[in-house]
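A.B. asks: Could you build all of it, start to finish, from the sequences and the hints given here?
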Amino acid sequence: MLGTNLKHIKSEEEFNEVIKNNENVMICCGRMGPMCLPVYDVMENLEEKYENVKFYDMDFDIPEAHVLRNHQLARGFMGLPFTFYFKNGKAVKATSSIQNKKQIKSIIEEYLV
Amino acid sequence: MNAEHYDAIVLGAGAAGLSAGIYLARANLKTLIINEGSIGGQMVLTHAVANYPGVREASGREISQVMKNQAKEFGCDIESNVEITKLDLTSKKKMVEIDDDEIFTADVMILATGGKPRKLGAKNEDKFKGLGISYCATCDGDFYTGKDVIVVGGGNSALEEAVSLTKWVKSITVIHQFDNFQAHEYAIEQAEKNSKISFILESKITEYLGEQNVEGVIIQNQKTGEFSELKTDGVFVYIGYIPNTDKLKDVIHLNEREEVLSDENMQTNIKGVFVAGDVREKKYRQITTAVSDGTIAALSAIEYLQS
Ligand SMILES: Cc1cc2nc3c(=O)[nH]c(=O)nc-3n(C[C@H](O)[C@H](O)[C@H](O)COP(=O)(O)OP(=O)(O)OC[C@H]3O[C@@H](n4cnc5c(N)ncnc54)[C@H](O)[C@@H]3O)c2cc1C
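Residue numbers (the working numbering), protein chains in the order written: chain A, 32 to 144; chain B, 2 to 308.
Be a bit skeptical, because a hint or two may be false.
[Unchecked claim] Straight-line C-alpha distance at most 27 Å; calculated DSSO-like pairs for lysine-lysine: (1) A/Lys80 <-> B/Lys87; (2) A/Lys136 <-> B/Lys73; (3) B/Lys120 <-> B/Lys31; (4) A/Lys85 <-> A/Lys124; (5) B/Lys120 <-> B/Lys205; (6) B/Lys73 <-> B/Lys148; (7) A/Lys133 <-> B/Lys250; (8) A/Lys136 <-> B/Lys120; (9) B/Lys224 <-> B/Lys250; (10) A/Lys133 <-> B/Lys272; (11) A/Lys80 <-> B/Lys31; (12) B/Lys248 <-> A/Lys124; (13) A/Lys136 <-> B/Lys248; (14) B/Lys130 <-> A/Lys136; (15) A/Lys133 <-> B/Lys31; (16) B/Lys248 <-> A/Lys133; (17) A/Lys136 <-> B/Lys87.
I should point out that these hints are in silico values taken from the structure, not numbers from a laboratory.
C.D. replies: Shown next, in the form of structure tokens:
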């Protein structure tokens with residue numbers, strides 16, 4: 032489990048539940064490294080601003096994270112974290128490596144809310 | 002756009018900025034820390050810190066997590082991983098705009114923007130970030146398991162990271178622009194005796210090649226000027242740190258290395274603007290010296306506000 036203040040997804044079932052039961056979901060799959068931490072910081076900050084988006088993290092190194100590690104949208108990704116955006120259960124966007132607040136906000140605005 | 006006013010704004014949430022934030026907030030000043038990168042700055046890149054007194058040994062991330070929580074618990078607000086789109090340091094009321102979106106003002110400002118890894122400036126560098134170009138072996142090394150990679154640089158971090166990458170990769174080519182290394186003897190020795198590491202000296206990467214991911218690079222020999230192509234699965238870049246002063250340089254006095262000049266109380270050339278940490282002109286860049294600078298800058302700022 033990652034040491035962030037976000038909600039964590041710990042299993043495949045939980046992952047399926049989360050994307051099924053919520054219209055807008057952002058999941059950051061990473062470690063506690065310098066490229067991942069800034070993304071978690073932004074998510075913690077945005078959690079207060081976007082009430083209709085759910086923010087989760089997932090530990091890249093647990094076997095269950097294969098749902099994101101091997102996701103079709105993550106093909107060719109070589110940098111952590113892998114960040115996914117889901118709308119009505121479907122992945123609509125994914126990014127590799129660090130993203131800043133502005134980039135994350137603009138993806139949320141374009142694809143989710 | 003409405004502006005939110007603070008007593009003090011600190012730019013940068015590394016060791017210097019967080020220390021300043023702790024002192025300012027404890028003095029009951031309404032304090033905001035605005036940070037462009039990750040909270041903790043360079044500390045989060047450090048695997049094990051053994052020379053920070055009072056902490057026997059901890060990862061840089063653990064130390065920064067405690068500093069961040071201390072600052073927050075004393076009441077600091079933190080905006081992190083944002084971009085500063087406007088900055089006014091010269092007016093009496095200082096102003097920062099972030100992400101073209103939010104404006105904050107303050108009576109004093111502390112500049113603690115630290116340093117960042119120098120980029121190569123080769124063609125397609127931004128396109129392949131996270132897709133074959135990395136600045137952190139501990140973060141991304143395992144993606145390159147069994148692959149051929151390049152490490153760029155000739156200092157301690159380049160050679161030490163090259164050796165640490167050999168855990169994962171099949172081969173490493175170290176590319177360095179000069180004909181000798183700036184690293185310590187022991188680092189050079191470790192790299193030279195490792196059979197996975199080979200060297201191309203007096204050469205620079207001028208372009209990254211590939212479709213979605215890096216597949217090769219163009220190298221220019223610095224002596225002959227000749228270009229050649231080298232296939233690779235990834236490139237790790239370690240060519241030093243530069244001070245984060247691009248947004249300050251029009252108004253703040255810098256030295257020829259673009260580091261901020263100050264007096265011993267961390268006062269810059271502008272009234273009400275103080276500086277702390279790696280971004281200032283100084284000889285020793287450590288967590289201890291950043292914390293010390295942050296403390297002095299905050300105490301000077303508090304005295305300035307009271308006067
Ligand atoms: C690999 C590595 C290992 C190290 N090991 C040790 C060690 O073992 N012991 C030790 O004492 N020191 C070590 N150091 C040095 C130490 O980490 C630094 O000296 C210290 O952390 C600097 O702190 P700082 O707050 O001045 O700057 P930084 O840590 O660079 O923090 C500055 C922050 O400001 C942000 N920023 C940049 N521009 C802006 C802007 N315009 N506006 C707002 N924010 C901005 C940056 O993103 C960053 O988050 C190491 C450094 C590295 C790179």
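A.B. asks: It remains to establish, for every hint, whether it holds in the given structure.
C.D. replies: Hint-by-hint comparison with the structure:
| no. | hint | verdict |
| --- | --- | --- |
| 1 | A/Lys80 <-> B/Lys87 | holds (23 Å) |
| 2 | A/Lys136 <-> B/Lys73 | holds (23 Å) |
| 3 | B/Lys120 <-> B/Lys31 | violated (36 Å) |
| 4 | A/Lys85 <-> A/Lys124 | holds (15 Å) |
| 5 | B/Lys120 <-> B/Lys205 | holds (12 Å) |
| 6 | B/Lys73 <-> B/Lys148 | violated (43 Å) |
| 7 | A/Lys133 <-> B/Lys250 | holds (24 Å) |
| 8 | A/Lys136 <-> B/Lys120 | holds (26 Å) |
| 9 | B/Lys224 <-> B/Lys250 | violated (34 Å) |
| 10 | A/Lys133 <-> B/Lys272 | violated (31 Å) |
| 11 | A/Lys80 <-> B/Lys31 | holds (22 Å) |
| 12 | B/Lys248 <-> A/Lys124 | violated (32 Å) |
| 13 | A/Lys136 <-> B/Lys248 | holds (23 Å) |
| 14 | B/Lys130 <-> A/Lys136 | holds (20 Å) |
| 15 | A/Lys133 <-> B/Lys31 | holds (25 Å) |
| 16 | B/Lys248 <-> A/Lys133 | holds (18 Å) |
| 17 | A/Lys136 <-> B/Lys87 | holds (19 Å) |
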